[in-house]
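> If you're matching them up, the sequences are chains G, W, B and Y in order. For the record, in the first sequence the residue sitting at position 269 is 269 according to the numbering used here, with numbers rising by one throughout. For the record, in the second sequence the residue sitting at position 147 is 147 according to the numbering used here, with numbers rising by one throughout. For the record, in the third sequence the residue sitting at position 212 is 212 according to the numbering used here, with numbers rising by one throughout. For the record, in the fourth sequence the residue sitting at position 154 is 154 according to the numbering used here, with numbers rising by one throughout.
Everything labelled a hint here was simulated from the structure, so no lab data went into it. Hints may be right or wrong, so weigh each one.
Unchecked claim - Pairs of lysine-lysine, BS3-like flavour, derived with a Cα cap of 25 angstroms:
hint, chain 1, residue 1, chain 2, residue 2
1, Y, 19, G, 32
2, W, 144, G, 169
3, G, 32, Y, 276
4, B, 199, Y, 144
5, B, 19, Y, 276
6, B, 276, Y, 215
7, G, 169, W, 199
8, W, 19, W, 32
9, G, 70, Y, 61
10, B, 276, G, 70
11, G, 215, G, 144
12, G, 215, W, 276
What the hints assert, rightly or not - Partner residues aside, some chain W positions facing chain B, computed with beta carbon under 7 angstroms:
hint, residue
13, 31
14, 38
15, 40
16, 242
To be verified - What follows is a set of in silico ranges between Cβ atoms, one per label pair, in the way DEER data are often shown:
hint, chain 1, residue 1, chain 2, residue 2, range
17, B, 315, W, 144, 54 to 64 angstroms
18, W, 278, B, 30, 50 to 60 angstroms
19, W, 78, Y, 320, 20 to 30 angstroms
20, G, 12, Y, 324, 48 to 58 angstroms
21, W, 301, G, 78, 39 to 49 angstroms
22, B, 152, Y, 87, 54 to 64 angstroms
23, Y, 87, W, 278, 50 to 60 angstroms
24, B, 30, Y, 320, 36 to 46 angstroms
25, Y, 23, B, 143, 23 to 33 angstroms
Beta carbons: idealized from backbone N, C-alpha and C, even for Gly.
Number of protein chains: 4
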Amino acid sequence: MILVMSNNATEADIDSVAKQIKEWGHDVSISKGEIQTIIGIIGDKQDLAGKPLHTLAGVEKVLEVSAPYKKASRAFHPEDSTLDIAGVKIGGGHKSIIAGPCSVDSYENLINIAKSVQKAGATMLRGGAFKPRTSPYSFQGKGKEGLEMLAEARRETGLPIVTELMSEKDIDLVYQYTDVIQIGARNMQNFALLKEIGKLGKPVILKNGIASTVKEHLMSVEYVLSGGLQEVIIALRGVRSYETAMRNTLDVALVPYLQKETHLPVIVDPSHSAGKREFVSALGFAGMAAGADGMIIEVHPCPSCALSDGDQALLPEDFDYLMEKIKVLDAWNQKEWKEKFGSKKTSDSFLGGK
Amino acid sequence: MILVMSNNATEADIDSVAKQIKEWGHDVSISKGEIQTIIGIIGDKQDLAGKPLHTLAGVEKVLEVSAPYKKASRAFHPEDSTLDIAGVKIGGGHKSIIAGPCSVDSYENLINIAKSVQKAGATMLRGGAFKPRTSPYSFQGKGKEGLEMLAEARRETGLPIVTELMSEKDIDLVYQYTDVIQIGARNMQNFALLKEIGKLGKPVILKNGIASTVKEHLMSVEYVLSGGLQEVIIALRGVRSYETAMRNTLDVALVPYLQKETHLPVIVDPSHSAGKREFVSALGFAGMAAGADGMIIEVHPCPSCALSDGDQALLPEDFDYLMEKIKVLDAWNQKEWKEKFGSKKTSDSFLGGK
Amino acid sequence: MILVMSNNATEADIDSVAKQIKEWGHDVSISKGEIQTIIGIIGDKQDLAGKPLHTLAGVEKVLEVSAPYKKASRAFHPEDSTLDIAGVKIGGGHKSIIAGPCSVDSYENLINIAKSVQKAGATMLRGGAFKPRTSPYSFQGKGKEGLEMLAEARRETGLPIVTELMSEKDIDLVYQYTDVIQIGARNMQNFALLKEIGKLGKPVILKNGIASTVKEHLMSVEYVLSGGLQEVIIALRGVRSYETAMRNTLDVALVPYLQKETHLPVIVDPSHSAGKREFVSALGFAGMAAGADGMIIEVHPCPSCALSDGDQALLPEDFDYLMEKIKVLDAWNQKEWKEKFGSKKTSDSFLGGK
Amino acid sequence: MILVMSNNATEADIDSVAKQIKEWGHDVSISKGEIQTIIGIIGDKQDLAGKPLHTLAGVEKVLEVSAPYKKASRAFHPEDSTLDIAGVKIGGGHKSIIAGPCSVDSYENLINIAKSVQKAGATMLRGGAFKPRTSPYSFQGKGKEGLEMLAEARRETGLPIVTELMSEKDIDLVYQYTDVIQIGARNMQNFALLKEIGKLGKPVILKNGIASTVKEHLMSVEYVLSGGLQEVIIALRGVRSYETAMRNTLDVALVPYLQKETHLPVIVDPSHSAGKREFVSALGFAGMAAGADGMIIEVHPCPSCALSDGDQALLPEDFDYLMEKIKVLDAWNQKEWKEKFGSKKTSDSFLGGK
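Please take these sequences and the hints and turn them into a complete structure.
See below:
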């Protein structure tokens with residue numbers, strides 16, 4: 001960390017700051033410029049989290065120079081993390097497509113969607129049993145009944161299941177049924193919940209917040225990792241902006257950015273980002289083109305009967321077509337590029353990530 | 001609600017949409033324009049929350065015309081709500097200043113701050129025992145010990161206390177100690193928590209989210225109200241923007257906007273918004289000048305020893321001076337304006353809101 | 001357009017609003033709901049631009065239902081517009097890659113880059129002679145000398161040239177040299193300039209503003225079109241957000257959105273959006289994957305000697321590799337998809353758009 | 001400026017960066033931390049504007065430590081600047097209220113408004129002759145005829161006039177008539193225009209851009225100052241955010257922030273920020289409460305006949321009431337505070353700033 005002293009700071013201020021930093025257990029390196037003095041703090045910044053550096057007399061700015069997310073950072077874990085979820089791999093070149101309805105409504109719909117997306121190449125099944133809704137008067141999910149339907153669909157198809165956890169008091173219930181716990185945008189900074197799930201043994205998909213920064217997203221990943229769990233998938237579902245043409249704004253350039261910053265798999269959620277069916281496929285394909293390790297996407301055969309977010313669900317035939325495109329992209333990644341350019345990092349296999 | 005049909009929509013589409021709306025229990029009013037047809041839905045929109053209106057064939061846009069927050073809305077509750085918190089009134093012309101440290105650190109600091117702010121005119125005491133921190137490595141609050149110190153400070157000063165609740169599992173504990181439950185920005189859409197506290201009997205301060213809209217903020221208020229509780233104070237702590245000069249961006253014009261939309265008291269939080277001590281007083285005073293029903297503000301005698309957010313805490317002498325200014329503003333509200341313009345709505349008394 | 005009356009509006013208010021609208025030459029359609037009355041205005045909304053609808057007594061909200069950009073809108077021009085720029089086609093299935101240095105520095109650099117990008121498949125050459133710089137102390141461009149170098153590079157390579165116009169007083173000068181006039185983000189709402197270039201005969205690339213909405217971008221396109229010019233290329237260079245990981249935020253889902261709204265070609269500018277070389281290729285490729293009609297991209301053999309924006313320029317070898325990927329995507333678009341799904345809209349040929 | 005080297009940077013990288021900086025004429029100070037090396041650049045950063053520091057091998061981040069706006073910065077001009085505009089002072093404790101219609105429509109309206117606002121205490125008259133409108137089909141202003149009406153109103157009232165300049169080609173025309181040249185949000189980064197007006201002798205009001213940062217705003221002020229002109233008034237008209245309750249978002253805490261950063265007068269524009277009449281007074285008063293040196297505000301006796309922005313114009317009686325409030329605030333500033341606290345900086349007189 002670097003402290004920039006104000007140009008009125010006295011020698012006494014500088015000494016006193018240096019002394020305080022040393023008391024907190026860190027060495028300093030002082031550079032006196034023509035106008036301003038700069039104090040570099042040497043050592044592990046974690047220990048200084050929460051210290052009131054800004055308030056020390058003479059300090060004008062505090063600049064961070066290294067990432068405050070140690071366990072999530074590639075700097076401390078240079079190799080890709082590959083997760084194995086009931087035999088389905090993701091990360092380290094393995095790609096995985098998670099598809100299914102927004103909410104679980106009926107078993108018939110669920111199993112039909114599950115079989116359809118599996119045939120097209122999906123490797124995990126998503127479905128919501130607890131739904132975070134802006135309005136208290138909207139459908140709130142089927143709860144335990146929905147979880148049971150998901151478990152039944154897993155038995156029938158073999159697809160691992162992904163479902164959202166919204167409340168600390170449902171942890172035991174959700175834990176019992178799901179393969180992957182999803183934490184949604186509105187709970188990205190529900191730190192109490194993040195701490196709890198970090199102590200469990202189930203892989204987690206952590207979506208970014210409504211308007212979180214990448215750094216905050218990684219800090220929330222760090223909350224989970226600091227509990228002990230190592231299996232976190234980072235999902236990008238877009239953020240709020242002033243633009244209303246799309247539901248949210250997703251910059252897929254963040255995919256390679258995150259893959260540089262962290263060793264964990266990074267996936268895109270084009271459904272919640274675009275928010276309108278007609279733009280979801282293009283965005284999902286663009287996300288995979290930008291190098292995402294996978295995608296989580298909503299599919300429903302009858303969007304107007306869906307109990308939530310029907311507007312953004314792909315029809316099964318749209319999903320089939322999108323998967324055809326993704327497979328071509330993958331084949332080309334695997335073969336053509338390998339021959340032509342000698343790719344350093346490709347998966348041995350793709351769909352299913354096995 | 002209004003459905004705007006696309007300009008390709010057929011007569012059959014229009015009939016089919018109208019039929020579906022009627023099946024959902026609402027009458028429609030159809031206006032055929034030169035280019036587009038518009039279908040107005042008559043009746044209570046609450047019942048349509050979650051219905052997939054966008055996906056009906058031929059529908060291009062769904063426009064909302066009335067507020068989806070019924071219990072919070074002034075339309076359904078034209079009179080101001082006045083809350084009485086252990087004898088301290090807020091709302092309906094009564095103004096209340098809530099001051100104290102960000103986190104409770106030691107009882108000595110707490111009681112000194114409490115006495116100092118009480119003397120200057122504060123009417124409630126704030127202090128955090130559980131702290132939401134972006135980093136898992138930052139100080140997380142003193143928990144139960146902090147709550148006990150707050151209760152002791154209440155006994156000594158008579159000031160009602162305000163403290164933050166972060167987790168469903170701490171509800172009983174916090175309930176037992178506090179006069180007002182504060183829900184912070186990161187939990188504004190922790191719907192599980194909002195539902196729970198709406199069932200309890202304690203007044204709630206609900207801050208806006210990191211980057212929430214006013215409408216979402218009111219929908220979260222509605223979650224609490226829909227549980228049964230009627231005593232909610234709406235707090236504005238600024239939102240995220242691209243501007244980094246301030247910690248957050250607070251537009252105090254939202255104070256009169258919210259006071260028009262809702263019957264509940266509206267207060268400002270200049271500490272979290274400005275984020276730097278030197279700008280907090282000006283923003284707090286501006287919020288009161290814009291007509292806020294009160295303010296929640298951080299004060300600490302030794303910012304560099306504060307365990308969190310020391311950068312934004314006012315010194316006790318700064319707070320004294322700010323209160324002097326606020327009192328003049330209030331006296332003028334009470335006397336000069338009353339004589340001069342005949343104010344329709346002023347408080348009988350101000351500080352302490354009694 | 002739709003006027004939503006407030007729930008206090010009287011019959012007299014409603015009559016008076018209806019009368020005023022009729023005086024302005026439009027019919028109305030009135031729907032009385034249980035709570036609110038809605039007045040639909042029938043006819044061409046252009047005539048009402050600037051009428052103070054909000055201020056009519058009893059009006060609560062004014063809702064727009066159709067696009068205010070008539071000439072840009074696909075509703076009034078259902079076929080794709082194909083532009084022919086000195087033999088290079090763009091739009092209507094023809095794709096075009098515009099590459100070159102940010103600023104023109106030396107002729108040697110310029111011609112080397114031009115030849116290199118042409119070999120890799122670029123179809124137009126970009127280069128700045130006038131540079132908009134946030135700081136008055138930064139390099140401001142080579143002016144006329146730069147334009148002459150561009151013209152010489154065109155003579156040598158045959159590539160049409162694209163350069164930015166910043167000032168009304170340079171119109172004649174730039175017009176004389178360039179094939180395509182580029183208007184940058186900071187001038188997207190320099191309406192005086194937009195009006196002038198709409199009267200000229202040169203095709204225009206209009207980038208979105210620093211933080212413009214899609215609708216404002218299209219309104220600025222409309223300014224140019226309303227002058228008479230029909231050849232406008234819409235370029236997406238990302239917008240400002242609170243995220244600092246990237247220079248700007250570009251949601252490539254806006255590519256299909258704009259292609260639905262308008263008949264004009266839509267291209268992406270990954271250089272200004274990502275702002276860092278290492279993320280530019282991924283974003284450009286994602287933009288093409290999302291269906292963009294082309295790309296404008298910065299290439300420089302020695303980024304650290306570039307006089308502006310060296311951070312975001314691709315090295316020539318990076319560009320070669322990106323073009324290889326884009327060609328595979330295109331070949332697949334052309335052949336595999338055509339056979340497999342029967343594409344309704346593909347170009348007969350791609351690179352060079354001929 | 002500070003260069004943070006990546007943790008893979010070699011000794012050779014560090015040496016090579018240091019050498020390059022020295023070649024550009026600056027000394028360096030190198031601090032080697034446990035993980036990263038930091039290179040401080042000593043001396044005037046202006047000279048490095050535009051140098052591609054990011055691209056030097058091994059550099060991870062470039063951090064700015066001092067303001068890049070030298071002439072605007074209080075660091076280099078510690079005393080407040082006081083402007084004298086035809087006898088009306090602003091800045092240095094002098095406050096000035098600029099009021100009038102959005103657009104000039106008829107002389108009768110203009111002179112009535114001018115007399116009314118003058119009586120209430122306004123010290124300058126605003127009115128638009130050239131209007132920047134998002135739609136090419138909206139009213140674009142009366143041009144020269146409007147300027148003549150403004151000049152006539154000045155003759156009749158003695159109020160200095162403020163009007164907007166939109167185009168380089170109107171500079172001579174506007175210069176001839178106005179006392180203060182206003183540059184609006186859409187032209188805040190029209191650098192060609194800024195350079196031209198910096199060479200003239202007329203005071204300038206420079207509004208912030210649609211979504212500019214404070215730093216960019218100050219850099220645009222610097223463009224004007226670097227031309228030679230010293231008389232610039234900084235106006236805050238709010239910025240774009242995702243919130244739609246207000247037209248724009250104005251954080252009045254930026255008033256004291258800017259007054260700390262710069263020596264120039266800072267005013268607020270509550271009309272364009274709130275955008276709705278009913279919230280304009282509260283925001284304007286809050287801006288003055290936050291310490292603004294003045295206000296620019298729209299007043300029109302018949303908002304529904306106004307040719308632009310009728311929604312946001314105050315009625316003359318609203319303006320009278322607002323001015324009463326502001327006068328009380330000022331009297332209190334002048335007297336009560338002076339006695340009570342000993343104010344270091346108050347104006348000798350207020351309204352009219354004389």
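> If a hint holds in the structure, say so; if it does not, say that too.
Hint-by-hint comparison with the structure:
1. Y/19 to G/32: Roughly 19 angstroms separates the two Cα atoms, so the pair holds.
2. W/144 to G/169: holds, 20 angstroms
3. G/32 to Y/276: Roughly 51 angstroms separates the two Cα atoms, so the pair is violated.
4. B/199 to Y/144: Holds, at about 22 angstroms.
5. B/19 to Y/276: holds, 24 angstroms
6. B/276 to Y/215: Holds: residue 276 of chain B and residue 215 of chain Y sit about 21 angstroms apart, inside 25 angstroms.
7. G/169 to W/199: Given that 25 angstroms is the threshold and the Cα spacing comes to 16 angstroms, the pair holds.
8. W/19 to W/32: holds, 17 angstroms
9. G/70 to Y/61: holds, 19 angstroms
10. B/276 to G/70: holds, 24 angstroms
11. G/215 to G/144: Distance ~34 angstroms between residue 215 of chain G and residue 144 of chain G Cα, so the pair is violated.
12. G/215 to W/276: holds, 21 angstroms
13. 31: Because about 4 angstroms separates residue 31 of chain W from the closest Cβ in chain B, which is inside the 7 angstroms limit, the hint holds.
14. 38: Interface hint status for residue 38 of chain W: holds (5 angstroms vs cutoff 7 angstroms).
15. 40: holds, 4 angstroms
16. 242: holds, 5 angstroms
17. B/315 to W/144: 54 to 64 angstroms: For residue 144 of chain W against residue 315 of chain B, whose Cβ atoms are near 60 angstroms apart, the range 54 to 64 angstroms holds.
18. W/278 to B/30: 50 to 60 angstroms: Hint holds: Cβ distance 55 angstroms, inside 50 to 60 angstroms.
19. W/78 to Y/320: 20 to 30 angstroms: Check passed, 28 angstroms falls within 20 to 30 angstroms.
20. G/12 to Y/324: 48 to 58 angstroms: holds, 49 angstroms
21. W/301 to G/78: 39 to 49 angstroms: With Cβ atoms ~47 angstroms apart, the hint holds.
22. B/152 to Y/87: 54 to 64 angstroms: holds, 57 angstroms
23. Y/87 to W/278: 50 to 60 angstroms: violated, 34 angstroms
24. B/30 to Y/320: 36 to 46 angstroms: holds, 37 angstroms
25. Y/23 to B/143: 23 to 33 angstroms: holds, 26 angstroms
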